[in-house]
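Chemist: Chain order of the listed sequences is A and B. Here the first sequence stands for residues 74 to 183, where the numbers follow the working numbering. Here the second sequence stands for residues 4 to 118, where the numbers follow the working numbering.
Keep in mind that the hints are not guaranteed to be accurate.
To be verified - Subject to a maximum C-alpha distance of 30 Å in a straight line, what follows is the list of computed DSSO-like cross-link-like pairs (lysine-lysine):
#1 B:Lys81 - B:Lys14
#2 B:Lys60 - A:Lys124
#3 B:Lys60 - B:Lys81
#4 B:Lys81 - A:Lys109
#5 A:Lys143 - B:Lys60
#6 A:Lys182 - A:Lys130
#7 A:Lys109 - B:Lys60
#8 A:Lys143 - A:Lys124
#9 A:Lys143 - A:Lys132
#10 A:Lys129 - A:Lys182
#11 A:Lys109 - A:Lys124
#12 B:Lys14 - A:Lys109
#13 B:Lys17 - B:Lys81
Unchecked claim - Listing some non-contacts, in silico: residues in chain A with all C-beta distances to chain B over 10 Å:
#14 Gln79
#15 Pro81
#16 Gln106
#17 Lys129
#18 Val157
#19 Arg178
No lab work stands behind these hints, which were simulated from the structure alone. Cβ atoms here follow ideal geometry from the backbone N, Cα and C, with glycine treated the same way.
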Amino acid sequence: GQQVMQIPQYQHVQEGEDFTTYCNSSTTLSNIQWYKQRPGGHPVFLIQLVKSGEVKKQKRLTFQFGEAKKNSSLHITATQTTDVGTYFCAGNYNNNDMRFGAGTRLTVKP
Amino acid sequence: GAGVSQSPRYKVAKRGQDVALRCDPISGHVSLFWYQQALGQGPEFLTYFQNEAQLDKSGLPSDRFFAERPEGSVSTLKIQRTQQEDSAVYLCASSLPGTSASEQYFGPGTRLTVT
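Next up, chain B with everything else stripped away, as it sits in the complex (with noise of 0.2 Å):
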């Protein structure tokens, strides 16, 4: 019965360098969402899945992030060209219906930071 994992948990990159975050959602969960929270700031939405399309990208800061989940289940949010102002941690939740109106189990965050 594991939870929503992401990988890895602590993440510093060097400004410039591309980073690769890794969520692996609960089992079954239709919807996958990724959010930014900066410190002591509500997360931030960032993109929403639907199996495996993005029905939603908006939040996106800029065209250096990038996310898929190609089969429907693991998602990856890769971020090009790092920038300090994307040190944070990056939240991903998953939830059983498809829609984003249902609880939503959040996983336990990777924190970067970009030196």
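Next up, chain A with everything else stripped away, as it sits in the complex (with noise of 0.2 Å):
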């Protein structure tokens, strides 16, 4: 069935270090979200890619989106201790079925 892989489980960095999480389909994508969601909170959106190979920028984040529509990334510049979180890719099929990657947990260390 559809599924959305995201590597890795865990990243513990120290701040300033920079940080990216990836996911993979086994089949094209129509778009990919990514959420973050705090310890104890729910998971807010932060953004949205539809298009092939698809860049966004928003300040230290940067959002990839692959040529074929499989596989996207998160990049943190200089990770900051509000940085702390699970960042959840959530991959959208044709059929509105939207399936959420296992999520990175990352911590920062002062």
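Need the complex rebuilt from these two chains, each delivered in its own frame; the hints are there to steer you.
Modeler: Dropping the structure here:
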């Protein structure tokens, strides 16, 4: 079935280091969304990517969508303690079926 | 400007009891989604409504799970004869357009514990 794989499961970094999480789908996605969930909170929308090869930036965050629309990445430059949380990708297929990855839990040591 | 609200926030049920979880989406949002999130996992899709029509219920794990949205606004997720494996956070999300291909606004979730 349709599935979105996300790695790594955990990432611990020193404040100021960079961080990247990757998502991969076995089949082509219509679009992909990224969400952030703080400990004890609920997922909050960050961005949506639709076009093949699309790259979007939000301050220190860079989002990429692969040429084949099967993979995506989120890169954070110079992490801060406020970046702590779990980052989820959510792949959308054409049938309104949105599949979340298992998430990457980021911890940042000050 | 209220967001998505869910009630109750916490529910403890004895195995075999029925539970009903409520979701109040953002006013005017057409689409409503239910997800189940186990500890340390990503949200798992349960079901999707467009207005009052349940367009996709493929994620409901068993026939003990039932969802409705009779007037196209508030939705209720009902779980009959709860089992321990039903323990999870149940998240509701809504979005304005009639597809899932847009930003979803999540509620705070209902944490269900089945003892």
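Chemist: Indicate, hint by hint, whether the structure satisfies it.
Modeler: Hint check:
1. B:Lys81 - B:Lys14: Measuring from Cα to Cα gives roughly 13 Å; hence the hint holds.
2. B:Lys60 - A:Lys124: Holds, at about 28 Å.
3. B:Lys60 - B:Lys81: With Cα atoms ~13 Å apart, Lys60 of chain B and Lys81 of chain B stay inside 30 Å; holds.
4. B:Lys81 - A:Lys109: Given that 30 Å is the threshold and the Cα spacing comes to 28 Å, the pair holds.
5. A:Lys143 - B:Lys60: Since the Cα atoms of Lys143 of chain A and Lys60 of chain B sit roughly 25 Å apart, the hinted pair holds (cutoff 30 Å).
6. A:Lys182 - A:Lys130: Within the cut-off at roughly 24 Å; holds.
7. A:Lys109 - B:Lys60: 25 Å, holds
8. A:Lys143 - A:Lys124: 11 Å, holds
9. A:Lys143 - A:Lys132: With Cα atoms ~25 Å apart, Lys143 of chain A and Lys132 of chain A stay inside 30 Å; holds.
10. A:Lys129 - A:Lys182: 27 Å, holds
11. A:Lys109 - A:Lys124: Holds: Lys109 of chain A and Lys124 of chain A sit about 21 Å apart, inside 30 Å.
12. B:Lys14 - A:Lys109: Holds. Lys14 of chain B to Lys109 of chain A sits at ~25 Å (cutoff 30 Å).
13. B:Lys17 - B:Lys81: 15 Å, holds
14. Gln79: 7 Å, violated
15. Pro81: Its Cβ never comes within 10 Å of chain B, the nearest being 13 Å, so this holds.
16. Gln106: 7 Å, violated
17. Lys129: 14 Å, holds
18. Val157: 16 Å, holds
19. Arg178: 8 Å, violated
Comparing the model with each numbered hint stated earlier shows that hints 14, 16 and 19 do not hold.
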